[in-house]
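A.B. asks: Here is how the chains run, residue by residue.
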Amino acid sequence: MSTASATFLVLDLTGTFAFALNGALTALRVTRVDIVGVVTLGMLTALGGGIVRDILLGALPPATFNDWRYLTVAAAGALVAFGFGRRLDRLATPVLLLDAAGLSLFAVSGALKGLQFGVGFGQAIILGTITAVGGGTLRDVLIREIPSVLTSGLYAIPALLGSLVVVSADRFGAVGLPAALVAAAFCFVVRMLGVRYDLNAPEPPDTKRRT
Amino acid sequence: MSTASATFLVLDLTGTFAFALNGALTALRVTRVDIVGVVTLGMLTALGGGIVRDILLGALPPATFNDWRYLTVAAAGALVAFGFGRRLDRLATPVLLLDAAGLSLFAVSGALKGLQFGVGFGQAIILGTITAVGGGTLRDVLIREIPSVLTSGLYAIPALLGSLVVVSADRFGAVGLPAALVAAAFCFVVRMLGVRYDLNAPEPPDTKRRT
Amino acid sequence: MSTASATFLVLDLTGTFAFALNGALTALRVTRVDIVGVVTLGMLTALGGGIVRDILLGALPPATFNDWRYLTVAAAGALVAFGFGRRLDRLATPVLLLDAAGLSLFAVSGALKGLQFGVGFGQAIILGTITAVGGGTLRDVLIREIPSVLTSGLYAIPALLGSLVVVSADRFGAVGLPAALVAAAFCFVVRMLGVRYDLNAPEPPDTKRRT
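Chains as they are written, first to last, in the working numbering: chain A, 10 to 220; chain B, 10 to 220; chain C, 10 to 220.
Hint data in this document are derived by calculation from the structure and do not stem from the laboratory. Mixed in with the good hints, there may be bad ones.
[Unchecked claim] Facing chain C, from chain B, some residues (calculated, C-beta under 8 Å):
(1) Leu65
(2) Gly67
(3) Val128
(4) Val150
(5) Leu159
(6) Thr160
(7) Ser161
(8) Ile166
(9) Pro213
Heads up, the beta-carbon is just placed ideally off N, CA and C, and yes, glycines get one too.
Build the full structure now, drawing on both the sequences and the hints.
C.D. replies: Here it is in structure tokens:
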């Protein structure tokens, strides 16, 4: 394995752990679930986006499902959340940072995988975004929350921008790890600016009149 | 492209636009979503049924996902809903008619695609119905509504009848655009009669005793 | 068809009928649905787990979707629930037993199908569990319930144990119907002990402090 792909693997597994941990913590906060629920919801948050991407690409079985390292890391993240629960609340900031890192890496790797399978420019961007936000969306559906990605904050938009950057870089011939990391960094910065300044995606123009 | 397939493409894109518009309007009516939510839910309503059909057929990537015209038209329908919102309420009747047209076309084209991939008679009818009602069902799940198709009105039944007609026509050797349009017209008429006379699918026999 | 596979087919169809009946009864109990909803939800409960498994394996179209016997038996189970409704409540015990039998058979057949498609040890166990509990989970999402499998009782765990037993047996060279029936019996016994003694999967350690 080259250093570049080893670097990417470590980053991707870190993102997977963060997504599983954060996904399981969200489930614990919102509803009452047992160990089956916590592990299922944590793993679904971490792996669900990539699984939906691979279903749409027809790349089956899905890559992360087939790789025991991803399954193990995702299960571990969920079990840490199960064991420590609310005591992890004081780690809110590192968890938020790791989650933003996961979002960025998943967007970029998802968009690149789309290109690799020969889909078009716009489709690769959509697949990157789905990879990044799909798992959390599935978790929210299972715990009967309206997916937060549809309602407020900046979560899908940084993922979309990161995907756009890496797909554009690819079109202009800038390939490989550097372009991927720049795109991921861009997504990460937009996401953290969104958190810091409490930015939201535009709302329907007549929202106020309606409420 | 032949005139027949050009006709069909135009009809299919019109149905896609109507579904995206109507799906996005439903989302705006029921819950509070931002632009990401409106576009996602509109596109999912328009393309979700066909995507589920293509996943079940193993015809991946899904046809409409791979075709930028469908993605663009679906996004446009959702953005019109986002921009105009409630002001479109006065267009309720044309939107309803377009939605019934979309239902009819999607049922017929979904059933025909099933036959083309060699599935059985009953399976083709199920696939037609899923193509027609699947997108709205997925949207309802995401906005935490019990899918209206499961509870009342005549929505799945016209789609099922339209699929049945076109699959039967195919079995009796009547293929091509005329048979498809007759089947779609039949679905359309049943749907509009349902709306006009407020018809419902049968309810469980002991419903009254239970409530 | 050999006696072994004929035996298995009869058992599997019995499980399908039980899942459809039980799934439709759950839908009738929880919410107000018409005949379209009852049949859809019953069929989804019975066939949904196997469909998700086959999508993950890329074995498309899904086996049970392609086999009219499964579709017919699932529709029949749902229609019996629609026709008799609450009057079936007095049959709660046989329905519970049949449902546990379905759980056991689906777990074992799902895990074996995974192995047949060459997935790893852990993946086969996950696929068995998904086959057993996936349909009920999809039904719960559609009727806007938090899937009970995530919150309480012993439902996923017996399925996981049954899958574990059959996958281990396969690894040690014990193949065929006997190993499958032992694994299914093990799942069945754990499930019924769980029901009898009202056992639950472990809950998060700080659950009490949180409520």
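A.B. asks: If a hint holds in the structure, say so; if it doesn't, say that too.
C.D. replies: How the hints compare with the structure:
1. Leu65: Since the shortest Cβ distance to chain C is 6 Å, the answer is holds.
2. Gly67: holds, 3 Å
3. Val128: holds, 6 Å
4. Val150: holds, 6 Å
5. Leu159: Holds, about 3 Å.
6. Thr160: holds, 5 Å
7. Ser161: Holds, about 6 Å.
8. Ile166: holds, 7 Å
9. Pro213: holds, 5 Å
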